[in-house]
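*Asks:* Next come the chains, spelled out residue by residue.
Protein chains: 4
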Amino acid sequence: MTRRAFVHRISANAPDDVSGLEARMRDGAIDGNAVVAVFGKTEGNGLVNDFSRGFATRALQDALRVHREDADADEPCIVMSGGTEGALAPHFLVFEARNSDEPDAPGALAIGRSRTPPLPHEHLGRLAQVDAVATGVRAAIDDAGIEAADEVHFVQIKCPLLTADRVAAADARGLPTATRDTLKSMSLSRAASALGVAVALREVDRPGLTEAAIGRDLSLFSSRASTSAGVELADHEIVVLGTAPNWSGPLRVGHCVMRDNIDVEPVRAVLAGLGLPAHGQLSETQRARVVALLAKAEAGSDGALRGYRHTMLNDSDISSTRHARAFVAGALASLIGHAEIFVSGGAEHQGPDGGGPVAIIAEQALSSGDARP
Amino acid sequence: MTRRAFVHRISANAPDDVSGLEARMRDGAIDGNAVVAVFGKTEGNGLVNDFSRGFATRALQDALRVHREDADADEPCIVMSGGTEGALAPHFLVFEARNSDEPDAPGALAIGRSRTPPLPHEHLGRLAQVDAVATGVRAAIDDAGIEAADEVHFVQIKCPLLTADRVAAADARGLPTATRDTLKSMSLSRAASALGVAVALREVDRPGLTEAAIGRDLSLFSSRASTSAGVELADHEIVVLGTAPNWSGPLRVGHCVMRDNIDVEPVRAVLAGLGLPAHGQLSETQRARVVALLAKAEAGSDGALRGYRHTMLNDSDISSTRHARAFVAGALASLIGHAEIFVSGGAEHQGPDGGGPVAIIAEQALSSGDARP
Amino acid sequence: MTRRAFVHRISANAPDDVSGLEARMRDGAIDGNAVVAVFGKTEGNGLVNDFSRGFATRALQDALRVHREDADADEPCIVMSGGTEGALAPHFLVFEARNSDEPDAPGALAIGRSRTPPLPHEHLGRLAQVDAVATGVRAAIDDAGIEAADEVHFVQIKCPLLTADRVAAADARGLPTATRDTLKSMSLSRAASALGVAVALREVDRPGLTEAAIGRDLSLFSSRASTSAGVELADHEIVVLGTAPNWSGPLRVGHCVMRDNIDVEPVRAVLAGLGLPAHGQLSETQRARVVALLAKAEAGSDGALRGYRHTMLNDSDISSTRHARAFVAGALASLIGHAEIFVSGGAEHQGPDGGGPVAIIAEQALSSGDARP
Amino acid sequence: MTRRAFVHRISANAPDDVSGLEARMRDGAIDGNAVVAVFGKTEGNGLVNDFSRGFATRALQDALRVHREDADADEPCIVMSGGTEGALAPHFLVFEARNSDEPDAPGALAIGRSRTPPLPHEHLGRLAQVDAVATGVRAAIDDAGIEAADEVHFVQIKCPLLTADRVAAADARGLPTATRDTLKSMSLSRAASALGVAVALREVDRPGLTEAAIGRDLSLFSSRASTSAGVELADHEIVVLGTAPNWSGPLRVGHCVMRDNIDVEPVRAVLAGLGLPAHGQLSETQRARVVALLAKAEAGSDGALRGYRHTMLNDSDISSTRHARAFVAGALASLIGHAEIFVSGGAEHQGPDGGGPVAIIAEQALSSGDARP
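Residue numbers (this note's numbering), protein chains in the order written: chain A, 1 to 373; chain B, 1 to 373; chain C, 1 to 373; chain D, 1 to 373.
Keep in mind that the hints were calculated from the coordinates and are not lab data.
Glycine included, every Cβ here is placed at the ideal spot set by N, Cα and C.
Hints are supplied without guarantee of correctness; some may be wrong.
As the list claims (entries may be wrong) - Dumping the calculated EDC-like pairs for lysine to aspartate or glutamate here, alpha-carbon to alpha-carbon at most 20 Å: (1) A/LYS184 - A/GLU211; (2) D/LYS184 - D/ASP217; (3) C/LYS184 - B/ASP181; (4) D/LYS184 - A/ASP181; (5) C/LYS184 - B/ASP302; (6) D/LYS184 - A/ASP302; (7) B/LYS184 - C/ASP181; (8) B/LYS184 - B/GLU122; (9) A/LYS184 - D/ASP181; (10) A/LYS184 - D/ASP302; (11) B/LYS184 - C/ASP302; (12) A/LYS184 - A/ASP235.
To be verified - Far from chain B by the CB rule (all over 12 Å, computed), these chain D residues: (13) ALA14; (14) SER52; (15) GLY54; (16) ALA56; (17) VAL66; (18) ARG115; (19) ARG126; (20) THR135; (21) GLY174; (22) ASP181; (23) THR210; (24) LEU220; (25) PRO245; (26) ILE318.
Kindly produce the complete structure, drawing on both the sequences and the hints.
*Replies:* Following this line, the structure appears as C-alpha cells:
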C-alpha cells in the first residue's frame, strides 16, 4: 500500500473555465475526493484589483463541490496566481493524492498538507508568524512522510493579509499591527511566511533572525518557498512537494534557484537531473514529459540586471511584477518549449534579490506501459 | 583603401542621456563626421504617446551637431524604438562608416544608406510604396557595395505615416489615402515598407503581389526587414547591414528568423556561425564579443503559442507589443547573457506571423592586437 | 389594478458582493420574482479582459436563483457595465415591476422588456440587425404599455458580438460576417443596435439609412439608446424605461442629451423637470430623491473639446473610454452631489459625437406617507 | 511707476510644442526678459517615468534662451505638471512681471519669487525643510510687496527629491536621510514644502508641529499651497500669487478650498467674487475672462467620496492620481466651460484629505479700452 501523486495540467479559456476539470472528473481521470490542491495562473493583473483569481476560485469550488463526497469545496487548497504576461498560458494544476497498491517508487513525488491555527492579526509580519509557518511546514512535511529537509523541493504557502477591519480589531485589543497599510501587509505576510519556510528547512538560522530583517534583509531567503497572500483566509494553507518513502508512480520533482532573471543554466541542470538533458530547447518528446514548472520572478531591487539598467521599478504604467513575469517566462519557456508554465511574482525572501526558486515536476520515462491516469 | 564599420553600444540613463556619446566624441573614440546612423531603445511605451523617442532624438541631434563639420544633425539616420519592457536596457547603437587603410576583410560588416524621394501621401500602404522602398533598398545595397541579396543581413527602414493634415491634403488633390486612421497608417506603412524589402531581396515575387495583401497576407514576409514609422519624415530612410568587398575590421553580422516567440535555436546557430558556439548561455568571454542583437517581436495573431493560448491580444491594459517585447527579450537575453539588446515590436511582414527576424553583430576574435576604437 | 416600478440602488463592495441584494430579498424589500433587470457598474476596465462583469453576473444569478419561484436566474436582464474610473462608485440598480392595487399615477415610471430572436451572425453590424432591434424595441414599448415614442426615456440593449467560432460558422454557410475582428464586432453591434433604437423612436429615418452609415455617420444617433455587447448571448435583451398609463408609484424619469463631455445644463434642466431645481449642486434633501442617473460618455472623435485639444484618443496606456467615463462622471457628480451613478462608455450613435444620452430616475415628493419599499 | 503682471495661456500640440510661446515672443506680445515663470500641463503620466515634463522643459528653455538678454533660460521658474487625464488640454501658463507706468490698481495680481539655499539631503521631509520653505515663502511675499498673509492666493513650490546618490552622500556624512525610497522622498518633500507654506501663511502653528506629522497628519494643511518635486534642483523655487500695492493691470486672483472632489460651490463663489457670477456653467463671455484655473486633486484616503466607495486607491492599472485628475477636471470644467485648466495631483497637506486648493486668475471687465498685451 502506497500513496501516489497525480498532477494534471489543464488549459483554461477564461478565469472561470473549469470545463477541463469537470470533464476529467466526469470521465474518472480525476477523482474529486483525492484532490488536495489546485494551483492556477489566471489572466488578471496579479495585483490588488485582480478579480480573475476570485472568479476562478468560485468556479473551481462550484465544480469540486459536485464531485466530492464531503461536498467540502474548501478542503482542497486553492492557490490562484494572477498575471499571464507575455505568452504565459492560463492553466490549472490539479494535485491528487490517491491510495495505490503499486510498489514504492524511490524518488516518487510526495505531497503533504497542513493548516496553521488562525494568526492573531498583530502577529502578521513578525517573528510570531515566522514561527507559526515553520511549525506548519514541519507538519506538512510529516503529512507527506518526507524524512529530511533536503527532500523538500517546493513549499507553496497561502497566507493572510490585513484589512482595515482586522487592523481595527487589533487596535481594539490594544495590540497594534505591524503595518496599517493593507497592500504592505501582503508583502510582509509573504515575507514572514517565506522566512518560516526557510527556518523549517534550516536555510535560515532562527536564533539569529530579528524582526527588523523581515522584508528587508534580502540576503536571507528560502530556495524552495513560494508564498502568496489572500484576503479569504486567516490562517495559512501549506502544500509541500518533495520525495518520500511509500509513494509510488512515475512523477519526479527537482528544484533550483535562479540568481537573476536570466539565470537559466541551473534550470537546465534540474531538467537533466530529471532525465531530460538538452543543450538547447527540450525536444518535443522531452517536453511532453514536463508536467509542471513553478517559478517565482521579481525585478532586482538595484535597478539593474548584470550591470545593465532595467526600467521595471520606474515604470508607473506597468507594475514591475508584470514586467518580471513576462521576461522570466520568456527565459524559461525558451528552455522548455512552451509557455504553459506557472511563473508568479512577489518573491520576498523567495530566492535571492532579483532571482527566485524554480521547481519542475516531470514524468519519468517508463520501461513498460504508461501509468498516466 | 577600404571602409570600416564601427558599432558602439552605449547605455543610457534616461531618454535624453547622451553623455556616453558625447564623451566618446570628445575623446575621439567616435568621429561625429563618420556617424551614419543611431538606433536606440528608449523607455517609453513604444506606442502613440511615447515621447521618449522624440526626447532622445532631440538630445542626440543637439550632441551630434556640435561634433560634425557639416553641423547637419539630420544627416545620420536616427531610429528610436520605444519600449524597454522586462529587463530590456535602454541603450544607443551608434554606427560609423570610416575610411581605412586596413586591408579588405572578407565577411566584414558593411553599411549602406539611402533615402527615397518623398512619398505622395496617397501612395502610403499601397504598391507604389512597396516599389519606392524596393528601389531605395537597392540603392542602399549599392551604397554599401553589397554584391548579392543573400549578403544582406538586416534592413532598417524608417517610413512616414499619415496625419490628419496629410489626409486632408491628399483629399484636396482628389487622391484619397489608403486609410484615414492615423494609427492604422503606421501599421500600413510598416507593412508596405517590409514588403518593399522583401521584393528587393527577392523574398516576395513582385508581379504576384496585390495591394490587398499588404498588411493582411502574413504568409508573405522578409526575413531581414525591420521597419518603423515616424511622423518626422515624408520619405524613407534606409540602412542596410550586410557583407561586401572592400570593407575591413573585425565586425561580422549574421541573421535568422524566429518562427515564434521562443524559437531560439536558429539564434543559437547564428551565434555559432559567428564563432560563438554555446550549448546553453554564452560565457562571459563570448558575451563580450556580441556587439548588438536586433530583433522584432510580436504576438501571434491566432492567440496561441505552440497550441497554448496566450492573452496578449485580449489585454486592454497593456498593448500586445509590450507583452511580446518583454517575453521575447527574456528568451533572447537568456541566450546572450544580458538584456542590453534591441527588441522592437510591430512586425508586419517582418518574419512570419508571431515570429520575427534577428540579426547579430559580433566582433571576431583576432589573432593579434585588438582593433577596437 | 396597476403595475408599479421599483428601482433599488445598492452599493457593492466587490464585483461579487451581492450581500445587499440578498439582504433585501430576505427582508422582503425586494421580491425576487418581480425583478426584471439588474444593471451594474463593476470595477474592471470595461474592455475586453474585464472579468468583473462575468464575476458579478455569476454572483447575481446565484443569488436570484434562490429567491425566484421559477429558479430562472436568466430571466432578469443582467447588464454589467465595467469601469468605475474617477470616484464612480460600484453599485447595482435592481428593477422590479410588481402588480399593485394603487391607483394610476400619471407620469409614473414604466418598464418594458423584450428579447429578439437569435441574430444570424452574418447580420451583425448590418441593416438586418438594425431592423431586428427596432422590432424588439417596439415590443418592449408595447410590453410597458407606452403609447408614444416620446414617452420613452431610456432604452438599454444588450447585444451579441462575434467570436472566432461564430465567424467560422458563418463562413461555413457561405455568408461572411461584416467583420472578422471580434473587438470591432462589439462596436458594430452596439452601433447597429443604437440605430435600431433610433429607428423605433423615429429619430432616424429607416428608408434613408444605408449599411455604410453604421458606425460611421455619427450625425445619426438616438437620444435615448444605451447599448452594450456581451459574449454570453446570441439575441438582444431590451429594457425600456418610460411613462405609460396604468403604472403607479412615486418614481419619475426624464432624459436629455449632452452635446459634449461638459454639457451639463440640459441635465440640470431634467432635474428641474423632475422637481429638483438647483442653481448649483443639489441639496442633500434633493439628492436623496435621485434614485439613478444613467449616462453614456465618449471622447469626441475630432480630438478636441470646445476647441481645446484632448489627449484621450492618443493615450496608449489608458483607453479613451476610461478617460471619458472619469471625466464625465466628475461633471455629473458635481451636479448631483455624489458619484454612485451609472456612466458607461462606447457611445456609437448614442447621442452626438463626443456627447451622450442621460436619463434620471427620481422619486417624486409625496404629499403623504412615503411608499418606498 | 508700478509693476504689472501678465499671464498668457498657450495651447500646446505636444510636450515640446513651444511654437505658441515663440510666436508671441517674436511679435512682442511676450517680453522674454520679463518672464518670471512658466507652468505647464504636459501629457505624460505625471509619475516617475513621465518624460513629457523634461521634454517640455528642454524645449521651453531653448526657446527662452534666444529671447532673453541674459540668455539665462534657468532664470524663469519652470514647473511642468504631467497628466492631462480626461479632456484636460495640454497648455502652458507664461507669467510676466513688467514695469509699467500705469497707475496702481487695487486688487491687481502681484507675483513674487524666491529661491531657498540648497537643502541638505538629510533635511528633506523634516522640520528643517518646513522652516527653509517658510522662510523662502516670506521672501517671495516680500518680493511681490504683498503686505499680509491673507493677500496670498496661491503658492507654487518646486522642491527637491532624493536620489540613490544623494542618499549615499548623506550616509557618507553620517547623516541618514528621512527615507531611502526615492518615490517616497517626492511625497515627503511635497508634504514638508506644503507645511512650510502653511507655516508662512499662519495656517499651521509652527511650535506645535512635530516631525511625525509630516505626510501623516492630514488635518494640517495649507489652503493655498501647490508643491511638486523634481530631480533637477537641490533647492526650492517659489512663486507666490496674490495682491499688493503698486501693481497695475486688469488681472485679479481668488482662491478657495474644495473639501472633496466634487465640492465645486466654493469655486463658484470665487468666480462670483471675481465678477463672474453664474448659476450654472459660465457663459461664453464670462469664460473668455478666465485666464487660468489652478487646482490640486487627490483621492480621499478613506476610500470613499461622501460615503460611497471609490476604487481609485485599489486600482493597480491606473494610479489614483490619474483617476483624481480626470474626475476633478470634469467637475471644474463643467463649471468653467472648457478643460484647458491646470489640475495637478499629489496634494499632501494641500487642502484637506481628498480635497485641494483652487486658484483662479481672471481679467476684470474694463470700463474702457482693453489692456491685453
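*Asks:* Against each hint, give a clear statement of whether it holds in the structure.
*Replies:* Here is how each hint holds up against the structure:
Taken as a hint, the A/LYS184 and A/GLU211 pair is honoured in the structure, with Cα atoms around 16 Å apart against an allowance of 20 Å. A distance of roughly 16 Å separates the Cα atoms of D/LYS184 and D/ASP217; the hinted pair therefore holds under the 20 Å criterion. A C-alpha spacing of about 14 Å is found between C/LYS184 and B/ASP181, which places the hinted pair at or below 20 Å, so the restraint holds. Straight-line distance between C-alpha atoms of D/LYS184 and A/ASP181 comes to about 14 Å, which keeps the hinted pair within the 20 Å bound.
Between C/LYS184 and B/ASP302 the alpha-carbon distance is near 16 Å, which keeps this suggested pair within the 20 Å criterion. With a C-alpha separation of about 16 Å, the suggested pairing of D/LYS184 with A/ASP302 holds against the 20 Å cut-off. Proposed proximity of B/LYS184 and C/ASP181 is supported: the alpha carbons are some 14 Å apart, at most 20 Å. A hinted pair counts as satisfied when its Cα atoms are at most 20 Å apart, and B/LYS184 with B/GLU122 qualifies at roughly 14 Å.
For the hint linking A/LYS184 to D/ASP181, the alpha-carbon distance of about 14 Å falls within 20 Å, and the restraint holds. Proposed proximity of A/LYS184 and D/ASP302 is supported: the alpha carbons are some 16 Å apart, at most 20 Å. Taking the CA atoms of B/LYS184 and C/ASP302, the gap is near 16 Å; set against the 20 Å cutoff, the hint holds. The suggested pairing of A/LYS184 with A/ASP235 holds, with an alpha-carbon distance near 18 Å, which does not exceed 20 Å.
A beta-carbon of chain B comes within 12 Å of the beta-carbon of D/ALA14; the shortest separation is about 8 Å. For D/SER52, the shortest C-beta to C-beta distance to chain B comes to about 5 Å, within the 12 Å cut-off, and the non-interface label is violated. With a cut of 12 Å on Cβ distances, D/GLY54 falls inside the contact zone with chain B, its closest approach being about 7 Å. A beta-carbon of chain B is positioned within 12 Å of the beta-carbon of D/ALA56; the least distance is around 9 Å.
Every beta carbon of chain B lies more than 12 Å from that of D/VAL66, the smallest distance being close to 14 Å; the non-interface claim holds. Separation of D/ARG115 from chain B is adequate, the least Cβ-Cβ distance of about 24 Å exceeding the 12 Å criterion. Separation of D/ARG126 from chain B is adequate, the least Cβ-Cβ distance of about 28 Å exceeding the 12 Å criterion. Every Cβ of chain B is farther than 12 Å from the Cβ of D/THR135; the closest lies at roughly 33 Å, confirming the non-interface assignment.
At the 12 Å boundary, the C-beta of D/GLY174 stays outside the reach of chain B, the nearest C-beta of that chain being 28 Å off. Distance to chain B confirms D/ASP181 as a non-interface residue, since its nearest Cβ pair spans about 19 Å, more than 12 Å. Against the 12 Å criterion, D/THR210 stays outside the reach of chain B, whose nearest CB is about 37 Å from its own CB. Non-interface call for D/LEU220 relative to chain B: holds, since the shortest CB-CB distance, roughly 35 Å, exceeds 12 Å.
D/PRO245, annotated as away from the interface, keeps every beta carbon of chain B farther than 12 Å; the closest lies near 44 Å. A beta-carbon of chain B is positioned within 12 Å of the beta-carbon of D/ILE318; the least distance is around 9 Å.
In this structure, the hints that do not hold are numbers 13, 14, 15, 16 and 26, in rising order.
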